[in-house]
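Trainee: Protein chains in written order, with my numbering: chain A, 1 to 354; chain B, 1001 to 1474.
Do not rely on the hints blindly, as some may be mistaken.
[As the list claims (entries may be wrong)] With a Cα cut of at most 20 Å, we get these calculated EDC-like pairs of lysine to aspartate or glutamate: (1) 1214/B with 166/A; (2) 1214/B with 153/A; (3) 1214/B with 232/A; (4) 152/A with 8/A; (5) 152/A with 6/A; (6) 1214/B with 1097/B; (7) 47/A with 8/A; (8) 1214/B with 329/A; (9) 47/A with 215/A; (10) 152/A with 1399/B; (11) 1214/B with 201/A; (12) 47/A with 232/A.
These aren't lab readings, by the way, just hints derived from the structure by calculation.
Chain by chain, the residues run as shown.
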Amino acid sequence: MSDALDPERGIRRSAAIFVLTVLTIAVSPFLWRVPLAMWGPRSTDLKPSNLPALESARDRYPFDPAPIDELRTAQPGTVILGDSMALRIEPDVLARLTGRPAVPIIRLATGASHWYLLLKNYVVASGIRPNRVVVFFRDTQLTDPLWRLIGKDRFSTDRYALDREEELNAVVAAHVRNPWFRLHAWIDRTYAVERTRDWVEPALTASIARAVARDQSHDDFVGAMNAMFGLDRLRAFEAADMGEADEASTDFAARVTISTLPLMLDLARQHGLQLVFVRVLRRPVNGQPPHEAPRLHRYVTALRSYVEQRGAMFLDDRDVTDLWRLAYDDGDHILDPERPRYTELFFERMAGRR
Amino acid sequence: MIFHSLDFVVFFVVTVAIYWRLPHRGQNVFLVLASYFFYGYVHTWFLALVFATTVLDYWAGRGMAAKPDRKRLFLGLSLAGNLGMLGFFKYFNFFVDNIHAALSPLGLALPLPALRIVLPVGVSFYTFQELSYTIDVYRGRLAARRDFLDFAAFVCFFPQLVAGPIERASRLLPQIERPRRFSWEDARQATFLVIWGYFQKLVIADNVGVIANKVFALQQPGFWVLWAGVFAFAIQIYADFSAYSDIARGAARWLGIDLMRNFNHPYLAVGPADFWRRWHISLSSWFRDYVYIPLGGSRGGTARTGLTVMITFLLSGFWHGASWNYVLWGAYHGVLLLTGRAADRLVPARGGAGSVLIPMRIALMFGLVSVGWLMFRETDMAYLWRDLRLSPFATTAIDCRVGAYLFLLAFVYSIPLWAHDLWAERRQAQTEAVEWSGRTGWQIACETAWCAMLISMMLVFRSRTSLDFIYFQF
């Protein structure tokens, strides 16, 4: 009897085709393993991840110990940690004002987890005793350990993370105990997704770069291209790369216990370091600080209380009216010519003159 | 809620599972509830707007049916309500800024407030969809609906609520009103559409979008880098919007509802008129039916038709956003369409589909459309003016090489899009004929293999940077 005459049989046939289709689609990504095994990097060459809660084994960049030597040589009075927000300090001006060198360890496009690693693996590892270690941050960043730890900025931690980062991994694990990350990790493990990506993507871009670089070496071409898209060649955009904090991220009590902030404070206490957390002023609007939601205000109050109770210093640029009038570049960055003035104001606040 | 989030996947699976266990009336009740949940997921107050316009247009439709002699009044109220809301949320600041700009040279300053409020996502889409209902009822082409629930489901149907396709009431309402039956064949087709949509978004649009964003962030890109960026944006905007439409169509089909095609391989168009028959079909046909034809269409003389075309395209440009570059983009396409018509009259098309001129016309049209995309993407008029005056001869070796690199990279990511469109264009007649009917075993095998390849590629080549759907901002 044909399907047209037997509707039940037709439905069963359609359902079977549907299931077969889904199975075929689900099985197909396993085919990546063939070229990966034949031409890809050997799995024995891969290093286990230092954050296994986040990712599986992959090819990692080596640890960069150079800043440890720099710190030991400079014996700074002030160490500055952070992302591009920390560029508002002019180290030479601060050194002149304090009478001791100021060393910035600034890594662009980073977040709280990166700063924890910089503190632990550079500042503490160097054994130096600066007067203060200053960390610049925006709004809720200190209690958001996944900020720039997932996605394309993740790989920069390789340069300052050790082979095992148990404490940070525990913090990350507390965040990834949700269905989305579990699904992601399961797919990654099952299909070797990240391993394949780490092999195929660079191969694709490198082959195109080689095709157009002609007489230039691949590295020279990439270097020239990176220079073309350098920060100094970009338009000034008002929009910052970090949006307004949402409801969940401003729940300080819930977030702080699963963040790197307690780890940083513990490290500072154990090694006799004075931490200074500076909350930078988001881009002012018509000479006034931008609107701050009540929930964010409550968060900052709780954050201030928390770090001060644990021996750290807390400065909020929003409290200083002179800073409202500084000219901003793009996003939350201040213009270069304003940096000396910012540094002077910062020093006066540190010295308790303001 | 956005399509490329786990929240949506969970929401959709749960919705489908419950939906097919309900009777027809229950399905429509559930559809409204699910759609309101979907739309109010981030900003609950958005629901007030969609509910208010739903009530307004339902009431206007009922009013027109009950009092035919006052149809014009009810239509006017519907137009005022929908366009007023659209104007307030989308264009208020634009008008205020332009009034300030116009008065400042005269030394005048009006104390006009600026609206600091997020644009309700999808407002341009669902207001136009609702207007199609009230206008069609006014014209007598559609009966005013009695059932408020069915009408609410038509307005807020979640797969296409936020970014279209802008469905016609005459097409979508009957589907909501009649009982629907689950079909495994539809489910399979729907799955293919959704996979192709996600591939377009995650692999093509987001990867080339990163290239476009980098180029348009430069202060002074060289000629070749700029046009590589424009090429990347041309691919991005098509793949991005087509992705949304395909996911919407796939999601709707899972619910037993057939949404219209929004794109028909637009970059294979051979001329401006052909392009607009293929690009954002639901919007271009809306403007054709509710603006162009009521204004006279091509019934008047050449000058009158030209004016009508320009008005239609200027409004279409303005619909996209409250910025002069969109108006300029609309004007450019209006001029392009009129020029294309004049050229067709002077040099009538010769030869069939195999004509050697066809690839050249496609390439020329893609180039012209890309110039339009530069206007569309570049919101700063000073930068736009600079870009349009860039000479290909004022370049450097590194500009040429980086331009070639970016172009090739964008092209490589877009190969599946070109391959899909070229294949589908060739098989258009057959594809259309069998779209809703049964496939042969060979066709099913080919489609399955294609989707398996897409999934495999998606896992490895999906962009590490997730970008919002471009048309969300409109």
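Trainee: If a hint holds in the structure, say so; if it does not, say that too.
Mentor: Quick rundown of the hints versus the structure:
Distance restraint check for residue 1214/B and residue 166/A: the Cα-Cα separation of roughly 36 Å exceeds the 20 Å cut-off, and the hinted pair is therefore not satisfied. Taken as a hint, the residue 1214/B and residue 153/A pair is honoured in the structure, with Cα atoms around 16 Å apart against an allowance of 20 Å. A hinted pair counts as satisfied when its Cα atoms are at most 20 Å apart, and residue 1214/B with residue 232/A qualifies at roughly 13 Å. Distance hint between residue 152/A and residue 8/A is unfulfilled; the C-alpha atoms sit about 51 Å from each other, more than 20 Å.
Taking the CA atoms of residue 152/A and residue 6/A, the gap is about 54 Å. The hint is violated against a cut of 20 Å. Of the supplied pair hints, the one linking residue 1214/B and residue 1097/B is violated, its CA atoms being roughly 28 Å apart against a limit of 20 Å. A C-alpha spacing of about 55 Å is found between residue 47/A and residue 8/A, which places the hinted pair above 20 Å, so the restraint is violated. With a C-alpha separation of about 18 Å, the suggested pair residue 1214/B and residue 329/A falls inside the 20 Å cut-off, and the hint holds.
Under the criterion of a C-alpha separation no larger than 20 Å, the hint pairing residue 47/A with residue 215/A is inconsistent with the structure, at around 35 Å. A hinted pair counts as satisfied when its Cα atoms are at most 20 Å apart, and residue 152/A with residue 1399/B does not qualify at roughly 26 Å. With a C-alpha separation of about 18 Å, the suggested pairing of residue 1214/B with residue 201/A holds against the 20 Å cut-off. Proposed proximity of residue 47/A and residue 232/A is contradicted: the alpha carbons are some 36 Å apart, above 20 Å.
Hints 1, 4, 5, 6, 7, 9, 10 and 12 from the earlier list are contradicted by this structure; the remaining hints agree with it.
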